[in-house]
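If you count the sequence shown from 1, position 169 lands on 169 in the numbering used here, and the numbers rise without skipping.
Careful, some of the hints might be misleading.
[Claimed, not checked] Restraint-style ranges between C-beta atoms, simulated for each label pair:
| # | residue 1 | residue 2 | range |
| --- | --- | --- | --- |
| 1 | Gly43 | Glu172 | 35 to 45 Å |
| 2 | Glu16 | Gly153 | 45 to 55 Å |
| 3 | Asp71 | Gly135 | 39 to 49 Å |
| 4 | Glu3 | Pro152 | 47 to 57 Å |
| 5 | Val15 | Ala133 | 46 to 56 Å |
Quick caveat, the hints were computed from the structure, so don't treat them as lab data. The beta-carbon is built from N, C-alpha and C at its ideal position, and this holds for glycine as well.
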Amino acid sequence: EYEYDDAIIALDQFVELHPSYKDVSYAYYLKALSYYDQIVDVGRDQRNTELAMQSLQEVVDRFPGSSYARDAALKIDLTRDHLAGKEMTIARFYQSRDQFLAAINRYRRVIEFYQTTTHTPEALLRLTECYLALGVYDEAQTAAAVLGYNYPGTDWYQDSYNLLQEHSLEPEKKKGSWLNDAF
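Kindly generate the complete structure, drawing on both the sequences and the hints.
Right under this line is the structure:
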């Protein structure tokens, strides 16, 4: 088993003692990988995922032209998707227990903070479901409209469209919806 905590401490000390070393970018990159390699499934605490994302972003910001920055940027996308997956897991849990407001808050986090991830279309569908369950039809219509605009032809959109049809509604952007600002 790797001693990630010891490696992170040693790398921090190295950077502090040798900030102008010609290959210091590699030390930053190794630190980021030390966090990245500790990412666990979405059912567990995501502190290392957040630290990995911060450390990877530091590599991108400090050494933008390096090969480390290119790899770090790819890994940032994966960590963002992972964090969105955690939010989705929690939101689905709340929704399955008819705790729609709590679910809505989590789905909204996915849309607001992780809108470029693979989880966004599902979050929009689930928002449509939750808003319909609460009888908030304007927001349900807007969520479906945003889904249709950004992900036309997907099963997610078709499902949201069918749900609205069951309530004699159509996808439609309503003024004043927070979703209009998110996209």
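Hints versus structure:
For Gly43 and Glu172, the hinted distance range of 35 to 45 Å is satisfied, since their beta carbons lie about 37 Å from each other. Between Glu16 and Gly153 the C-beta distance comes to about 52 Å, which sits within the given range of 45 to 55 Å. Separated by about 48 Å at the C-beta atoms, Asp71 and Gly135 satisfy the suggested range of 39 to 49 Å. At roughly 49 Å, the beta-carbon separation of Glu3 and Pro152 lies within the given 47 to 57 Å, and the hint holds.
As the Cβ distance of Val15 to Ala133 is approximately 51 Å, the hint placing it in 46 to 56 Å holds.
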